[in-house]
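Novice: With the hints as constraints, model all of the structure from the sequences given.
Here the sequence shown is numbered in the working numbering, starting from 1 and rising by one per residue.
Hints listed in this document are in silico derivations from the structure and should not be mistaken for laboratory results. It is possible that some hints are incorrect.
[Claimed, not checked] Simulated restraints on C-beta separations:
hint : residue 1 : residue 2 : range
1    : Y101      : K22       : 32 to 40 Å
2    : V126      : D9        : 35 to 43 Å
3    : N40       : E95       : 16 to 24 Å
4    : N124      : D154      : 30 to 38 Å
5    : F97       : V140      : 20 to 28 Å
6    : I15       : D90       : 28 to 36 Å
7    : G27       : T141      : 35 to 43 Å
8    : E19       : N152      : 28 to 36 Å
9    : E95       : G72       : 17 to 25 Å
10   : F89       : D26       : 35 to 43 Å
11   : V126      : D148      : 36 to 44 Å
12   : D90       : E132      : 31 to 39 Å
13   : F97       : D154      : 19 to 27 Å
14   : D154      : K77       : 31 to 39 Å
Values in this document were obtained by computation on a predicted structure and should not be read as measured data. Where a beta carbon is used, it is the ideal one built from N, C-alpha and C, also for glycine.
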Amino acid sequence: MSDIVVLVDEKDHPIGYEEKMKAHSDGGKLHRAFSIFIYNSKNQMLLQLRSNAKHHFQSLWSNGCCSHPLKGEELEKAAHRKLKQEFGFDTKLKEVFSFTYKADDPKSGLTEHEFDHVFIGEYNGVPKPNPEEIDDWKWVTPTELKHDLAQNPDHYTPWLKPAFDGLVQRNGIKP
1 MSDIVVLVDE
11 KDHPIGYEEK
21 MKAHSDGGKL
31 HRAFSIFIYN
41 SKNQMLLQLR
51 SNAKHHFQSL
61 WSNGCCSHPL
71 KGEELEKAAH
81 RKLKQEFGFD
91 TKLKEVFSFT
101 YKADDPKSGL
111 TEHEFDHVFI
121 GEYNGVPKPN
131 PEEIDDWKWV
141 TPTELKHDLA
151 QNPDHYTPWL
161 KPAFDGLVQR
171 NGIKP
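Specialist: So this is what it looks like as structure tokens:
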């Protein structure tokens, strides 16, 4: 059974449902999503290298975790579910802001068009990444990430920079 995502309007009001791959095809349909930024007590942020097996934007660095709530699933519960599934831990999460973006993946021909809710959380343990989701991971400082995003933007998912910039503006991450 394939995942069903929540289609939304420009104000994040649900307007329907769509199979996940169809929501990312034909120019992409606006759907609800979330991005989680995890930091530790050293003010480092957790990044993941998306698995080469992902359908789109594979083998790119991204924030700790990003996904979609499923049909009938509350947003924060979905965020906790995916954090456990991808990194093997859970922690308290706080929603900081949301934004909308659209990005085409030239390698796959798929499109992300998301109303993205950004969460932050803290974790000081050792992540246990799911190899089906994550090829590598690392802790970086916000300053290191800001510099590398400017120098090597093609190494990162297209949603990482606007999400990171929004967090910095709102003091959700201390640069």
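Novice: All hints are to be evaluated individually against the structure, with a verdict given for each.
Specialist: Quick rundown of the hints versus the structure:
Roughly 19 Å separates the CB atoms of Y101 and K22, a value that falls outside the hinted 32 to 40 Å. A hinted range of 35 to 43 Å for the beta carbons of V126 and D9 is consistent with their spacing of about 41 Å. Remark: the range hint 16 to 24 Å for N40 to E95 is upheld by a beta-carbon distance near 20 Å. Range check, N124 to D154: about 31 Å between beta-carbon atoms, so the 30 to 38 Å window is met.
Separation of F97 from V140 is about 21 Å and conforms to the stated range, judged on CB atoms against 20 to 28 Å. Checked against the hint of 28 to 36 Å, the C-beta distance between I15 and D90 comes to roughly 31 Å, which is consistent with it. Distance hint for G27 and T141: a CB-CB separation of about 37 Å, consistent with the stated range 35 to 43 Å. Checked against the hint of 28 to 36 Å, the pair E19 and N152 passes, with Cβ atoms roughly 34 Å apart.
For E95 and G72, the Cβ-Cβ distance of about 19 Å falls inside the hinted range of 17 to 25 Å, so the restraint holds. A hinted range of 35 to 43 Å for the beta carbons of F89 and D26 is consistent with their spacing of about 36 Å. Distance hint for V126 and D148: a CB-CB separation of about 23 Å, inconsistent with the stated range 36 to 44 Å. Take D90 and E132: their Cβ atoms lie about 18 Å apart, and the range 31 to 39 Å is violated.
Range check, F97 to D154: Cβ separation about 25 Å, and the 19 to 27 Å hint holds. Between D154 and K77 the C-beta distance comes to about 34 Å, which sits within the given range of 31 to 39 Å.
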